[in-house]
Each structure stands twice: as structure tokens, then as C-alpha cells.
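6 protein chains.
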Amino acid sequence: MGDFSHFNEQGESRMVDVTDKPVTNRVAVARGQVFMKEETLQKIYDSQIVKGNVLEVARLAGIMGAKQTHQLIPLCHPLTVSGIELSFYRQQKSVLIEAAVKVSGQTGVEMEALTAVSVAALTIYDMCKAVDRAMVISNICLVHKEGGASGLFERKDDPCPEQ
Amino acid sequence: MGDFSHFNEQGESRMVDVTDKPVTNRVAVARGQVFMKEETLQKIYDSQIVKGNVLEVARLAGIMGAKQTHQLIPLCHPLTVSGIELSFYRQQKSVLIEAAVKVSGQTGVEMEALTAVSVAALTIYDMCKAVDRAMVISNICLVHKEGGASGLFERKDDPCPEQ
Amino acid sequence: MGDFSHFNEQGESRMVDVTDKPVTNRVAVARGQVFMKEETLQKIYDSQIVKGNVLEVARLAGIMGAKQTHQLIPLCHPLTVSGIELSFYRQQKSVLIEAAVKVSGQTGVEMEALTAVSVAALTIYDMCKAVDRAMVISNICLVHKEGGASGLFERKDDPCPEQ
Amino acid sequence: MGDFSHFNEQGESRMVDVTDKPVTNRVAVARGQVFMKEETLQKIYDSQIVKGNVLEVARLAGIMGAKQTHQLIPLCHPLTVSGIELSFYRQQKSVLIEAAVKVSGQTGVEMEALTAVSVAALTIYDMCKAVDRAMVISNICLVHKEGGASGLFERKDDPCPEQ
Amino acid sequence: MGDFSHFNEQGESRMVDVTDKPVTNRVAVARGQVFMKEETLQKIYDSQIVKGNVLEVARLAGIMGAKQTHQLIPLCHPLTVSGIELSFYRQQKSVLIEAAVKVSGQTGVEMEALTAVSVAALTIYDMCKAVDRAMVISNICLVHKEGGASGLFERKDDPCPEQ
Amino acid sequence: MGDFSHFNEQGESRMVDVTDKPVTNRVAVARGQVFMKEETLQKIYDSQIVKGNVLEVARLAGIMGAKQTHQLIPLCHPLTVSGIELSFYRQQKSVLIEAAVKVSGQTGVEMEALTAVSVAALTIYDMCKAVDRAMVISNICLVHKEGGASGLFERKDDPCPEQ
Chain A
10 MGDFSHFNEQ GESRMVDVTD KPVTNRVAVA RGQVFMKEET LQKIYDSQIV
60 KGNVLEVARL AGIMGAKQTH QLIPLCHPLT VSGIELSFYR QQKSVLIEAA
110 VKVSGQTGVE MEALTAVSVA ALTIYDMCKA VDRAMVISNI CLVHKEGGAS
160 GLFERKDDPC PEQ
Chain B
10 MGDFSHFNEQ GESRMVDVTD KPVTNRVAVA RGQVFMKEET LQKIYDSQIV
60 KGNVLEVARL AGIMGAKQTH QLIPLCHPLT VSGIELSFYR QQKSVLIEAA
110 VKVSGQTGVE MEALTAVSVA ALTIYDMCKA VDRAMVISNI CLVHKEGGAS
160 GLFERKDDPC PEQ
Chain C
10 MGDFSHFNEQ GESRMVDVTD KPVTNRVAVA RGQVFMKEET LQKIYDSQIV
60 KGNVLEVARL AGIMGAKQTH QLIPLCHPLT VSGIELSFYR QQKSVLIEAA
110 VKVSGQTGVE MEALTAVSVA ALTIYDMCKA VDRAMVISNI CLVHKEGGAS
160 GLFERKDDPC PEQ
Chain D
10 MGDFSHFNEQ GESRMVDVTD KPVTNRVAVA RGQVFMKEET LQKIYDSQIV
60 KGNVLEVARL AGIMGAKQTH QLIPLCHPLT VSGIELSFYR QQKSVLIEAA
110 VKVSGQTGVE MEALTAVSVA ALTIYDMCKA VDRAMVISNI CLVHKEGGAS
160 GLFERKDDPC PEQ
Chain E
10 MGDFSHFNEQ GESRMVDVTD KPVTNRVAVA RGQVFMKEET LQKIYDSQIV
60 KGNVLEVARL AGIMGAKQTH QLIPLCHPLT VSGIELSFYR QQKSVLIEAA
110 VKVSGQTGVE MEALTAVSVA ALTIYDMCKA VDRAMVISNI CLVHKEGGAS
160 GLFERKDDPC PEQ
Chain F
10 MGDFSHFNEQ GESRMVDVTD KPVTNRVAVA RGQVFMKEET LQKIYDSQIV
60 KGNVLEVARL AGIMGAKQTH QLIPLCHPLT VSGIELSFYR QQKSVLIEAA
110 VKVSGQTGVE MEALTAVSVA ALTIYDMCKA VDRAMVISNI CLVHKEGGAS
160 GLFERKDDPC PEQ
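Chains as they are written, first to last, in the working numbering: chain A, 10 to 172; chain B, 10 to 172; chain C, 10 to 172; chain D, 10 to 172; chain E, 10 to 172; chain F, 10 to 172.
Please keep in mind that the hints were generated in silico from the structure rather than gathered at the bench.
There's no promise every hint is true.
Pairs count within a copy or across copies, as identical chains cannot be separated in the list.
Claimed, not checked - BS3-like cross-link-like pairs, simulated, lysine-lysine; straight-line CA separation at most 30 angstroms:
| # | residue 1 | residue 2 |
| --- | --- | --- |
| 1 | Lys102 | Lys165 |
| 2 | Lys102 | Lys52 |
| 3 | Lys165 | Lys46 |
| 4 | Lys102 | Lys46 |
| 5 | Lys46 | Lys30 |
| 6 | Lys30 | Lys102 |
| 7 | Lys52 | Lys30 |
| 8 | Lys165 | Lys52 |
Predicted model only: the values in this text are computed from it and were never measured.
Turn these sequences into a full structure, and let the hints steer you where they fit.
As C-alpha cells, this is what we get:
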């Protein structure tokens with residue numbers, strides 16, 4: 010079982026001990042897409058022009074969700090996250106969500122970035138479900154990670170292309 | 010803006026008023042997939058045979074996450090959810106997650122089911138990220154919904170096929 | 010000590026027993042003001058025209074805060090709140106906040122409405138504190154309440170006048 | 010929009026990046042008042058002599074509320090607060106609440122101090138609302154702040170006078 | 010595995026489906042003890058006479074903890090608890106804690122009563138640990154339960170005797 | 010009152026100020042037992058062989074509960090816990106639970122270790138209550154503590170013997 014660091018040698022789950030790891034600056038960037046009917050997408054972007062901004066609600070939900078990561082993911086360490094930023098990009102059939110999270114801490118913030126994207130995506134779904142129940146959340150993944158012992162991770166393919 | 014029920018006529022966000030809706034039994038079923046390297050998938054299913062069960066951790070995270078839905082999704086109503094069940098199916102390159110949530114209440118549980126799938130998927134990612142950072146969470150969507158004024162929703166396509 | 014229902018006859022705090030109270034529809038409306046420099050106020054209302062809407066952030070914080078009321082106020086009952094709406098009005102030297110909360114339940118939602126106003130006010134402070142640390146939150150009070158055994162409450166004075 | 014640090018240049022909300030700020034000792038002190046009928050005030054102070062202490066309940070609620078600040082205020086950083094103290098002073102028509110919060114961290118604790126005062130005030134309201142629904146929470150503001158790049162803030166007027 | 014209702018036939022954990030159970034009034038009473046040095050016990054009861062009441066802090070923690078039960082115990086249903094009362098009794102070498110919880114709902118409140126006792130006991134430990142690190146929390150158990158299909162449960166032995 | 014550090018000189022509760030304490034590595038180990046009928050104990054250990062593992066659910070609940078400690082215990086400091094491990098040992102009439110918690114911080118983690126044991130014990134109760142309502146949680150106590158100004162604590166007696 011040695012490969013899964015969240016289990017000990019007996020295969021019992023644990024929060025990995027990072028007590029002796031140095032405090033370093035860490036960044037993680039995650040992405041994901043919410044696919045929907047073109048008219049739903051149009052409505053979202055129309056909503057930015059008038060008041061009632063779907064994406065701004067999703068942005069705040071993503072930021073607040075990232076702060077709850079360690080209460081959602083059982084074996085995640087609590088962290089005093091030091092910066093969270095979410096961006097939305099309009100694609101032909103989807104909204105592309107990107108979240109960047111930073112911390113000065115003993116462990117990384119991949120899960121916080123992925124949770125930010127997930128909660129923002131769920132919030133877009135919630136805001137739009139009255140007009141489009143068939144939306145699909147896809148391609149949530151890590152695209153960049155730096156800081157800490159495991160070093161730099163940079164995704165090579167484009168995980169969230171136009172479709 | 011009338012199409013998005015989470016905005017009032019001025020485009021201001023609100024929690025939709027369901028005070029006068031009857032209490033009825035409601036069900037929602039959602040699905041999603043976590044794609045990964047075949048050897049990661051093999052490790053997960055090996056982990057079920059010995060102790061240290063990745064999917065059981067994800068299952069509990071999904072159940073507990075569903076109970077936090079209204080604290081994650083800004084305009085979601087709090088609900089006294091009356092049943093949550095998560096199932097995992099092995100596919101060639103992915104784990105398929107299905108969550109069924111029930112409530113006897115004034116509004117539906119789509120968001121609870123979608124949140125259960127999302128948090129379970131994030132937990133699988135967290136448990137396996139030491140061996141595979143490139144996993145992708147995809148095709149999170151509603152597949153079934155019944156109860157309440159909007160009636161039955163049944164997804165017709167297969168949203169989470171083998172790939 | 011009989012006057013304070015949150016204490017028993019020995020003066021010990023308790024969550025008042027409402028088990029036998031009927032489920033009825035209840036509404037509570039609360040108000041409050043955030044006083045600030047005129048130029049800060051101008052900036053907030055300018056921010057609504059371009060993107061980056063201070064009041065929309067405060068609105069969402071108020072709605073989400075109302076859902077956390079029973080975890081903030083020690084002796085408050087948990088409730089499945091069925092509707093929350095926040096409005097902001099520009100006054101000469103202040104933003105007037107009004108929150109209306111509804112529930113179909115065994116006890117009232119005054120605390121949820123007052124908490125919504127308070128959290129929205131704190132969020133306005135947080136968003137603007139870099140430009141104006143001297144803002145003051147005032148006149149948070151109940152203005153209307155109906156439903157339940159204690160009947161109708163209607164505040165007669167104008168608690169939040171222009172100043 | 011540059012004035013509001015919680016928005017980026019596009020006016021999109023974000024949690025401000027403090028990753029590179031040094032860890033320093035910080036203090037913030039906030040105040041507020043709960044105005045009420047004189048007989049309600051008398052009852053509160055009587056309750057301290059016998060058992061059933063309204064202000065002790067409010068004190069604990071304020072301390073616990075301060076620990077939830079980053080889950081209430083959307084763009085607030087999570088912090089490992091290192092000290093919280095609340096004091097209550099009897100005025101002629103009001104209870105004056107003062108909260109002092111400390112942290113050794115990368116950002117300040119104004120919001121924690123203001124949240125502590127607000128939650129304590131709401132709790133006083135909750136405890137006494139059966140005898141006095143017309144209470145008003147006023148004059149919540151920052152009175153002192155030190156530590157961090159923005160330096161010392163000391164409020165010059167008396168924000169919470171006897172009335 | 011049929012005996013453990015929290016597992017399905019495949020031994021997978023789930024939140025048991027109570028959607029079709031009727032809403033009935035339910036009560037649960039739990040008890041527990043915190044054993045300590047006699048001088049610690051004396052200090053606690055002295056603290057009630059002057060200000061600074063250990064047991065009142067523990068009481069509030071127990072009440073608030075009961076409201077968090079479904080976020081602590083993975084497979085517990087969320088419930089809108091309708092009454093919580095905690096009592097403390099001085100024994101020769103221990104404080105006896107009793108919690109009574111009520112709900113009008115589809116499932117029982119044993120876990121809420123047991124959680125109330127546990128959190129109150131932990132809080133007594135926390136308040137007194139500077140003077141007595143060797144305290145022991147014991148005999149936490151259900152003593153009474155009524156309402157719902159499983160009928161009346163009344164513990165026959167005295168689970169928390171003087172020692 | 011000076012003995013109880015959670016009260017100030019006026020006997021008012023507070024979160025003790027640890028701002029000036031150095032950050033050091035700290036460990037705390039706590040234990041407790043859940044007593045039950047022998048056949049219930051047998052069922053739990055049988056459940057480990059097939060799928061549906063009572064103790065694994067309890068383990069995760071304990072880990073997640075430890076992360077919520079500062080939201081349960083009113084005067085506890087929030088901490089970024091850096092490692093949590095729970096072990097279960099079969100005794101003749103009980104399950105022995107041991108939790109070890111680590112932090113690099115300004116204050117100790119006794120309460121986190123004791124909370125982990127308590128929440129794991131409550132979860133065992135919840136999972137098994139359908140077959141055995143008379144289970145008893147006992148002997149929750151600190152067994153080891155190191156790091157910080159108060160130095161080493163090592164419990165000398167065996168607090169959780171076979172019975």
C-alpha cells in the first residue's frame with residue numbers, strides 16, 4: 010500500500026505527518042469546464058451586463074469553498090490560505106473556470122484549487138438549473154503546482170479545450 | 010433576467026422563496042467520473058482487497074459533503090436530507106461515481122447529489138495524488154430527479170461512458 | 010429569572026423546547042446601516058456600474074450568514090429557512106441594509122434576519138476598509154415579524170433615518 | 010477600482026494575496042453597543058448576580074464567532090487567532106461591548122474583532138428578545154489596530170458614548 | 010452485515026433512508042462523568058459562586074455541539090432539533106453530566122444527546138486542564154429514549170454512580 | 010480563580026493569549042474505550058473482513074472531528090494540525106481507541122487528541138446502535154503530551170485496561 014501516502018503500513022487512513030516539513034511558499038492552479046446549451050451560456054454572459062452576475066456568485070462560492078477544503082476532504086490538512094483568485098473564460102459551449110491558490114505553509118494547495126473550481130462549477134449549475142438541467146461539469150484537473158519537496162508540476166496537454 | 014430564478018427582477022441574487030411549496034418526497038441521482046492511469050485504477054481496486062479502502066473514504070466524504078451543500082452553494086436552501094447512498098463502478102480508465110439523495114421537503118436535492126459526487130471525486134483525487142497528479146474529474150451531471158412541481162427528469166444519453 | 014426564556018428556573022441556559030409548537034409560516038424583516046465617508050459611499054455605488062460589486066458580495070455574505078445563524082447564536086434553533094432576500098438603499102452618509110427571511114417552522118426567524126444584516130454590514134466594512142477604516146455599523150434592529158404565537162410586531166419609529 | 014483591494018483590475022473579487030507579507034504580531038480592538046429599555050438592562054445585570062448570565066453567554070458566542078470570521082466574510086483570510094478577550098460595560102441605556110483580538114500572522118484581525126462584537130451583540134438580543142423586541146445594535150466600529158504594514162490606527166472620537 | 014443498518018447488503022456505508030418514516034416527537038437523554046482530583050472539583054464549584062463559571066461554559070458548548078452532531082458523525086441525519094437541556098450534578102469525585110434533546114422529526118436524537126454530553130465533558134477538561142491534566146471522561150451512555158418505531162428504551166442499571 | 014487560565018482576574022472567560030509563545034513541535038496522545046456486548050464486538054471485527062468497516066468509518070470521523078476541535082470547544086485556539094493518526098485495539102469487552110495529533114504551533118493539541126477519540130467513539134456507537142443501545146464510552150483521557158512550555162506529560166497508570 011506504500012504508494013498511497015494517506016494509508017499507513019497497515020492500510021489504515023491517516024492525516025500524513027508534515028510536522029517536520031519546512032514552511033515554504035506554494036501555488037496551485039486548477040481548471041474545469043461547465044458545458045451547457047449555447048442559450049444558457051448567452052444568458053450567463055448577458056447577466057454580467059445587467060445586474061445579477063452568475064459568475065460573480067460562482068467566484069465567491071469558489072473562494073469560500075476553498076477555505077472549507079479541509080472540512081470536506083477527510084485527510085486534508087488545515088491551512089491558512091494566503092491568496093485565492095478565480096477567473097472565468099467564455100468558450101463556445103462552456104465556461105472555463107481557473108482557480109489559483111497560494112499558501113505559505115507545510116503542505117500544498119492542490120486540493121484547495123480543485124475544490125474552488127468544483128464549488129464554482131456547482132454554483133453555476135445551481136444558478137442556471139432552472140433553465141438547463143442537463144449541464145455537465147468536466148475536465149476538473151490540476152494544471153500547475155510549485156513549491157514544496159515534490160517540485161514543479163506543469164500539465165502539458167490542454168485539459169479544457171473548446172469543443 | 011426572469012429565467013434565472015436566483016435573481017429577482019432587479020437582477021439581485023436571493024434565496025428563492027419556497028415557503029408555500031408543499032412538503033413532498035424528492036429524489037435526485039447524479040453521476041461523475043474520475044479518469045486516471047490504469048495502474049492507479051488498479052491500485053484503488055487492490056486497496057479494497059487489503060485494508061485501506063480509497064473508495065470507502067471517498068464514499069464517506071461524499072455523504073458528509075452532501076450534508077454541507079447549503080453551506081457551499083450560496084443560494085441553496087438548507088434541507089434535512091433523509092437518505093444518501095453512493096456507489097462506485099470500475100470502468101476501463103475511470104471510476105464512475107453515482108450518488109442518490111432523498112428528502113421529504115419543500116425543494117429538491119439535485120445540488121446535494123451533485124455535491125456528493127464532486128466531493129467523492131475530489132477525495133479520490135486527494136487519496137491518489139501522490140501516485141498520479143494528472144487525474145481528471147469529468148462528466149458530473151444530473152441523471153434522474155423526481156418529486157416536486159418540476160416533475161420527472163430522466164437523462165436520455167449515457168453521460169459517463171467507458172472511454 | 011422567568012423573563013428570559015433562555016434560562017430555566019435555576020438560571021441555567023437552555024435551548025427552549027418548541028417540540029409541541031405547530032409548524033407555521035413565519036417572516037422577519039431586519040434593518041441596519043453602515044455609515045461612511047461620502048467618497049467611500051460614492052465608490053461603492055460606482056463599483057456597481059463597472060464590474061466588482063461591493064453590495065453583491067455583501068448580499069451573498071448576508072444570505073450565507075443567515076444560514077449559519079444557529080451555529081453562531083448559542084441558543085438558537087436550527088431551521089430549514091425557506092427564503093432570504095437582502096436589499097440595499099443608498100442614503101446620504103450610509104448604506105441601508107434590509108433583510109427579509111421566511112420559514113415554515115416551529116420558531117421564528119428574527120435572529121436569521123438580524124444575522125443577515127450584521128454579516129452583510131461586516132462584509133461592506135471588509136470590502137471598503139482599505140479606503141475607510143472609520144466606518145460605523147449602526148441601528149441593526151427588527152422592523153417586522155409575523156407568524157407564530159407572539160403575533161405581529163411592527164416597529165413604529167423609523168430606526169434607520171438619513172443623517 | 011484600484012482603491013478596493015478585494016477587487017482585481019477587472020473588478021473581480023479575490024482573496025488578496027498576502028503570501029509574501031511577513032508574519033508579525035497584530036492586535037485589533039472593536040466596540041459596539043446594544044441599546045435597550047432600562048428595565049431590560051436591569052434584568053441583564055441582575056442575571057449576573059443569580060445564575061444565568063446573559064453576558065457570559067454573549068462573551069462565549071463572541072469568542073466562538075471570531076473563530077468563524079473567515080467562513081462568514083467571503084474574502085477574509087483564515088487565521089490562527091492567538092487571543093480573544095471580550096469586555097462588557099454597563100451604560101445608562103446600553104451595554105457597551107469591547108473585543109480585543111490578537112494574532113501572529115500575515116494579515117490583520119479587524120474583521121475578527123468586529124465579528125466578535127457583532128455576534129456578542131446578536132446573542133444579547135437573542136437572550137433578551139422575549140422581554141424586549143425593540144433593542145438596537147449600534148456603533149460597531151474599530152477603535153484600535155496595530156501591527157502590519159498599515160501601522161497604528163487609533164480612533165479619536167468616542168464612538169460609543171452614553172446616550 | 011444486515012445487523013448494522015448503516016451498511017447496505019454489499020457492506021457499503023450509507024445514510025439510512027428515512028424518507029418514508031412519519032414525523033414524530035422524540036426524546037433522548039444521555040449521561041456521562043468527568044472524574045478529577047477533589048481539589049479540581051472544588052475549584053469548579055467555587056467558580057460558580059464568584060464569576061467565571063466552568064459549568065456554564067460547558068453547558069453552552071454541549072448545546073452548540075449537539076447542533077453540530079450531523080457534521081461530526083458521518084452517517085447521522087441532519088435534524089432541526091427542537092430543545093436541548095444540560096444538567097450538571099456534583100458527585101464525590103466527578104461531575105455528572107446529563108443532556109436531554111428533543112426533536113419533532115423522522116429519526117431519533119440519541120447521537121445529539123451523546124454528543125452534547127461528550128462536548129460538555131471535553132470543555133470541562135479544557136477549562137481545567139491547566140490544574141489537572143489527569144482527568145478522565147467516563148460512562149457516556151444513553152439512559153432514556155422515546156418516540157419512533159423502536160419504542161421506549163430505559164436503562165436499568167445506574168450507569169454513572171458515585172465512586 | 011487564577012488557577013483556571015481560561016478566566017481572567019474578574020472570572021471572565023477568554024481565549025488565552027499565546028501571541029508571544031514560540032512556535033514549537035507538539036504531540037498529544039489520548040485514549041478511550043467503547044464497551045459493548047461481546048457479540049457486538051464480534052460483529053465489528055467481522056465487518057473488517059468483509060467490506061463495511063465500522064472502525065474505518067470511526068477513524069475518518071475522528072480525524073475530521075479533530076480538525077473541528079476549535080469550533081466545538083469554546084476557548085480552544087485554532088491550529089493548523091500537521092498530523093493525525095488513530096488506532097483501534099480489540100479488547101475482551103471493548104474497543105480501545107488511541108489518537109495521536111501533531112502540530113507545529115504556539116499551543117498544544119491535547120484537546121484535538123481527546124476530541125478525535127470522542128468523535129471516533131461516538132461514531133462506533135452510531136454505527137452499532139441498531140444492535141446494541143447499551144454501549145458505554147469510558148476512560149477518555151490524555152496519555153502523553155510533549156512540546157511547549159509545560160513539558161512532558163506521561164500518564165503512569167494504565168487508563169484503559171481489559172475488564
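A quick look at each hint next to the structure:
For the homomeric pair Lys102 and Lys165, the shortest alpha-carbon distances inside one copy (23 angstroms) and between copies (19 angstroms) are both at most 30 angstroms. Within a single copy, Lys102 and Lys52 get their C-alpha atoms as close as 12 angstroms, which meets the 30 angstroms cut-off; across copies the closest is 35 angstroms, which misses it. For a Cα distance limit of 30 angstroms, the shortest separation of Lys165 from Lys46 qualifies both inside one copy, at 29 angstroms, and across copies, at 16 angstroms. Proximity of Lys102 and Lys46 under a CA criterion of 30 angstroms is satisfied in both settings, with 7 angstroms inside one chain copy and 27 angstroms between copies.
In this assembly of identical chains, the alpha carbons of Lys46 and Lys30 lie at most 30 angstroms apart only when taken from different copies (29 angstroms versus 47 angstroms within one copy). Taking the closest pair of Cα atoms, Lys30 and Lys102 never come within 30 angstroms of each other, the shortest separation being 43 angstroms inside a single copy and 34 angstroms across copies. With identical chains, the CA atoms of Lys52 and Lys30 are at most 30 angstroms apart between copies only, with a shortest distance of 27 angstroms across copies and 48 angstroms within one. Taking the shortest alpha-carbon separations for Lys165 and Lys52, only the inter-copy value of 24 angstroms comes in at or below 30 angstroms, while the best intra-copy value is 33 angstroms.
Hint compliance for this structure: hint 6 is the single one not met.
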